[in-house]
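Make the complex out of the two chains shown on their own, each in a separate frame, by following the hints.
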Amino acid sequence: MSLPQAAITFLNHNAATNSAAPPKAEDDLFQIGALDSFALVDFVNVLEENCGIKVPDADVNAETFRTIEAVERYVAARNETC
Amino acid sequence: MGAYIIGSGVFLPDRVVTNEELAVKLGIEPERIHRSSGIKRRRWADPGTLTSALATRALAQAIADAKLTATQIDHLLLGTMTPDRFIPGSASAVQTSAGLRKIPCLDIRAACCNALYALQLARALTVSGAASHVAICLAEIQSRYLDLSPESATLSMLFGDGASALIVSAAPGPGAIEILDLHLATDGAFRDDLGIRCPGTEFGTAPALCETLLPDFAPRMNGQSVILHASRRIVAACQALLERNYLTTSDIRWIVPHQANANLLAQIARGLDFPHAGGVVSVIEDFGNTSSASMGIALDFLRRGGSVEPGDYLLLPAFAAGFTWGAALCRA
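Going line by line, the protein sequences match chains A and B.
Residue 54 in our numbering is what sits at position 54 of the first sequence, and the numbering runs on without skipping anything.
Residue 145 in our numbering is what sits at position 145 of the second sequence, and the numbering runs on without skipping anything.
Chain B extracted, bound-state conformation (with noise of 0.2 Å):
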């Protein structure tokens, strides 16, 4: 038994976002937002909807590419910055909503690297005999979380909302991409440089008792030091991912990364001397970015797109708060 990606969905929300809009909130300009990220349009999501309802309609998208039905999915894991609760996690509401049989289901709190986590406890399911077919859910509503004051600017201006969603099944399928090892790391020091403070119990939990915490409720970052790091450290994972498989970047045909900026995708293909003109997969400028989702997204693109060919090797990287960062190797 192995991991195959026999399937793949996405849903974006209909409400397109210029930089031209969003700028007049930030107090930025529209051309600076492109040129220090690649963005020029993210898509948010109207106020009342659901992370989990963005995840069902991927998911449903997923699972007819699949050629599966939903009672056929045995093990339900979801990755989101933006939950629906607290507790539980939104992966019981997906259940519900997508029809699932009372099968396990587990909330991933990786961040941007939710996609990579959850391809290796899929993997782990699949190859164990554990589950036959594991449905990931990537997605985001962060549009609700972002403060738009000028102050937060350029944090602001990144993101967007939608979802992903893949299916790994143990055996293979037409157009299938095996799951082939997955390399993860964690920096623990760094915790702080980016994420989301609040609710928790080292800051707060309650911002009404205490405004000085509202900050802590929206996300932060610091830019340089995730720049740097991330530049830095999903090269080496690649590389090492790489060679403990006997392969070289000039065997890797598509990479297909976080999105997370434009201009570190550049990097990090420089950084690996990635040969292959045009072989990042990038869909930033058109949906910003969707932190958990975007790997899936830019991985759904690229397989309906039809530029895929049997034993194409993927390279998908990703970096994320903890820091946590790392890569899949994936063969088609």
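So that you can see chain A by itself, here it is in the shape it has in the complex (with noise of 0.2 Å):
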């Protein structure tokens, strides 16, 4: 599945502010600037507020969230156990 749009207008944003190019789907998101630990907490609620999945405290951490492929499958994991 694909991220919704205003997740990845976040990251774009993000990047932009960084002075990257928008991340493709295997980029690192901490190394290209799309995240860091105060915006992976925003991209949280992002994803919650717009996937209708709640992300527990224990899966909030960088390796979840690392690349868009990744966070795809996560989102996609949650939503089959929601």
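Just so you know, nobody snuck in bad clues.
Chain A regions said to be covered by chain B (calculated; three or more residues, Cβ under 8 Å):
1) 32-45
2) 56-65
Ranges between beta-carbon positions, derived for each pair:
3) A:Pro56 to B:Glu21: 38 to 44 Å
4) B:Arg270 to A:Ala58: 20 to 26 Å
5) A:Asp57 to B:Arg109: 19 to 25 Å
6) A:Thr9 to B:Arg32: 24 to 30 Å
7) A:Glu48 to B:Leu214: 39 to 45 Å
In case anyone wonders, no lab produced these hints; they're calculated from the structure.
Idealized CB from N, CA, C, for every residue including glycine.
Written as structure tokens, this is what we have:
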């Protein structure tokens, strides 16, 4: 599944703030500057509001949200378990 | 009987350590310290100064502010991560140096949540009638524990020394702030992500016996984990507290948080959708993260600034090693 536009817009905006191009599916979001620890908290909120999922505290770590592909997999898995 | 903060005090060491001075030791750009933490300078105590000495100075100011005398205090709570001695607690030292009667004196070890735990205990003591005037001392000399090598730069750049004190009484007085409710929680699964391992029975007690233990005597922090969990759990704690008191964020006039990191304070305000610009009290730029002491320092600055109006609601959130976290709801 692909991410909702709000999530993509969030990542693109953050990347642009750090003079980076919009992230590709396999880009390391932390390495290119689309996410940092603080932005990840906001990004999780965007996912919760737009994907109909609840992200447990234990899942809020950089590895889960390292790439757009990983985020898509995670959201799909959460949708299945919710 | 209730629980009212009727006095506050602060003591900060004279020595100012700027980012520029610290950056040389840590091998980091001064601007990076400010950008990633909001800190420009902090205070460090001179060698030989005791944590209890800072606490005693802050307490004297708080007692005077409450228009009491030392002999009227009938319970002392002291929160610190950096005690004078391993045993006994530093509250004993303050009892003597502050001229308190031979009252119960207790150290609390909930790190940056010490203020919240102390407020909860003080409230229980006054509401139950066990005490009329509870003194809370919150003090740290963290500079002496810091690893000033580049490997620990992102941690050691944060911390400062200082002390605050609060007087919680069963009856209100002029300018009193009532402690209405507290929400506190702990998740010990993350206790290795923030804290100081030694001395203790788990990792060892004597560094001379094993040099590999030396790093365990310095603070350690998984910054990413702390930021992620602090951001979410503080907001959730505040929301839980507001909900059970039939309030919303817009009812809150002041947020007086533990001064961990300016970016975290902004994140909490954003997470709560806090509408009052300038309502998040921050002293972190000048004093850094003073751990136990920071919330009391911020509250004292707010009270003395004269901006608090009767009826104003205050939220006091914190997050600490443990992890433990929570918030207090108060009303002026």
